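With the hints as constraints, model all of the structure from the sequences given.
Listed here are the chains, written in short residue letters.
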Amino acid sequence: MNDLTAAFGLAFQLLIGLDADLLEIVSLSLRVSLTAVGLAALIGLPLGAAVALYRFPGRRLVAALLNAFMGLPPVVVGLLVYLILSRSGPLGVLGLLFTPGAMIIAQCLLVLPIVAALSAQTVADLNAEYDEQLRSLAAGPVQRLFTLLWDGRFSLLTAILAGFGRAIAEVGAVMIVGGNIAHATRVMTTAIALETSKGDLALALGLGLVLIALALTINLLALALRDVARPQYA
Amino acid sequence: MSLAPNMLERAPAAPPRDAAQAGAGSILPLRLDGLCYVAGGKRLIDNISLEFGGGTRSVILGPNGAGKSLLLRLCHGLIAPSAGRVVWSTTKADPIARRQAMVFQRPVLLRRSTAANVAYPLRLRGMPAREREARVSEALARAGLSAQAKQAARSLSGGEQQRLAIARAWVMRPEVLFLDEPTANLDPAAARAIELLLEQVRDSGTKIVLTTHDLGLARRVADEIVFLHRGQVRERAVANHFFTHPETAEAKAFLKGDLTW
Numbered sequence: 001m002n003d004l005t006a007a008f009g010l011a012f013q014l015l016i017g018l019d020a021d022l023l024e025i026v027s028l029s030l031r032v033s034l035t036a037v038g039l040a041a042l043i044g045l046p047l048g049a050a051v052a053l054y055r056f057p058g059r060r061l062v063a064a065l066l067n068a069f070m071g072l073p074p075v076v077v078g079l080l081v082y083l084i085l086s087r088s089g090p091l092g093v094l095g096l097l098f099t100p101g102a103m104i105i106a107q108c109l110l111v112l113p114i115v116a117a118l119s120a121q122t123v124a125d126l127n128a129e130y131d132e133q134l135r136s137l138a139a140g141p142v143q144r145l146f147t148l149l150w151d152g153r154f155s156l157l158t159a160i161l162a163g164f165g166r167a168i169a170e171v172g173a174v175m176i177v178g179g180n181i182a183h184a185t186r187v188m189t190t191a192i193a194l195e196t197s198k199g200d201l202a203l204a205l206g207l208g209l210v211l212i213a214l215a216l217t218i219n220l221l222a223l224a225l226r227d228v229a230r231p232q233y234a
Numbered sequence: 001m002s003l004a005p006n007m008l009e010r011a012p013a014a015p016p017r018d019a020a021q022a023g024a025g026s027i028l029p030l031r032l033d034g035l036c037y038v039a040g041g042k043r044l045i046d047n048i049s050l051e052f053g054g055g056t057r058s059v060i061l062g063p064n065g066a067g068k069s070l071l072l073r074l075c076h077g078l079i080a081p082s083a084g085r086v087v088w089s090t091t092k093a094d095p096i097a098r099r100q101a102m103v104f105q106r107p108v109l110l111r112r113s114t115a116a117n118v119a120y121p122l123r124l125r126g127m128p129a130r131e132r133e134a135r136v137s138e139a140l141a142r143a144g145l146s147a148q149a150k151q152a153a154r155s156l157s158g159g160e161q162q163r164l165a166i167a168r169a170w171v172m173r174p175e176v177l178f179l180d181e182p183t184a185n186l187d188p189a190a191a192r193a194i195e196l197l198l199e200q201v202r203d204s205g206t207k208i209v210l211t212t213h214d215l216g217l218a219r220r221v222a223d224e225i226v227f228l229h230r231g232q233v234r235e236r237a238v239a240n241h242f243f244t245h246p247e248t249a250e251a252k253a254f255l256k257g258d259l260t261w
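Residue numbers (our numbering), protein chains in the order written: chain S, 1 to 234; chain R, 1 to 261.
Just so you know, the hints here were simulated from the structure itself, not pulled from any lab data.
Treat the hints loosely; a few may be bogus.
Straight-line distance between alpha carbons at most 25 Å, and here's what the computed SDA-like set of lysine to any residue pairs gives [what the hints assert, rightly or not]:
1. 150/R - 198/S
2. 256/R - 220/R
3. 150/R - 181/S
4. 198/S - 181/S
5. 150/R - 146/S
6. 150/R - 226/S
7. 150/R - 157/S
8. 252/R - 193/R
Values in this document were obtained by computation on a predicted structure and should not be read as measured data.
The following block contains the structure:
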């Protein structure tokens, strides 16, 4: 109990004092996860929509894979990316292993199935409503895809948020491909794991609080945006 | 109400339509050739052969379940007939879909602003922004929606939404405009506004084909009546003649307001 209160006290001191190490770790976390989610959205939204709209060979397989991979264990993704990016791996020449770049790739792969599978569902629902109207207006297949993505933007925001929640909170993938190197690839989750095992509970708890606060803030912002805009457009 | 002959001579009052500009011939008359549509073992559209010419406003009249909406969807090309053909008059393979438009009974408005809804079909056709904006504001003005241009389309009233749907179809300057029960679920004032808008559409040279079970609407807007009953065309006549001298028992009963199904 004492440990806990002492840890909370120290944690708040770090937060209020804007500890340099803490800020560095938080900003790298945000940079990695936001970039990963941005990339995953860029690929996953059209991919999900395509799975929902187009009939192509292997479509069912892709849909099944996306759904199955929503719950992919981060360590496994980390391991695969590690193997691909390691010196002897197919992309070893890029020298990305143990850099933020590798972490972005790993988190992107982790988040992609979530964004794609959820947007496939959203787009399929919307397409059922829009189908006749879009055919009447003679929208082409690609036009239809982008129309539905845009008109589903408020629902798709939820898919992207789910992806962000997964990326910012995972340890396994960034630990394996990033290596938790101080001032280079240390992010909030890997730092928490390290500080906890070292016994520095204050820093771990401080980071934990920041992590929760960040996730909460981003979700609240997104929900607020949706609540302001949605009643008018939905 | 003026009759068909002088309607046929009416020259398009609006600027030349896209199709005319493109130098292509008219897609009218539209010919239906032994059209059938079967679903669940029932002949919902039963061997309909018809021709729709330009200029006149054709009203497909009949009770609920007569097959009016189906017939419109078949004409528009949304569903394929079980038998028979829908034949447009153009010999070119250019997309017929882009020269005719339809307003659904429950139009699907995009989750965007009123102006963006009207601009949408023009964007699909790749019209340059400047020309598009001019067209959109003209269409909004004619539909009486200029003040609502920036408002979210789905926050409009029922009558405004229906006018928006017509503006969105009309902005493409189609040669034919199909409307499915355009004033159902609207109060009399909103319905009147739709009728006035349709007069403008007619004056612009666009052929109107609309379905309704509303005798009042049919009397006010029809130049000719196609009376549909149980998937069959039972009567086709110049509107005045149909209302004063219906020939079939079904049409007489329908005009008297008897139950005909």
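>> Run through the hints listed earlier and report the numbers of any the structure violates, in increasing order.
In response: 1, 3, 8
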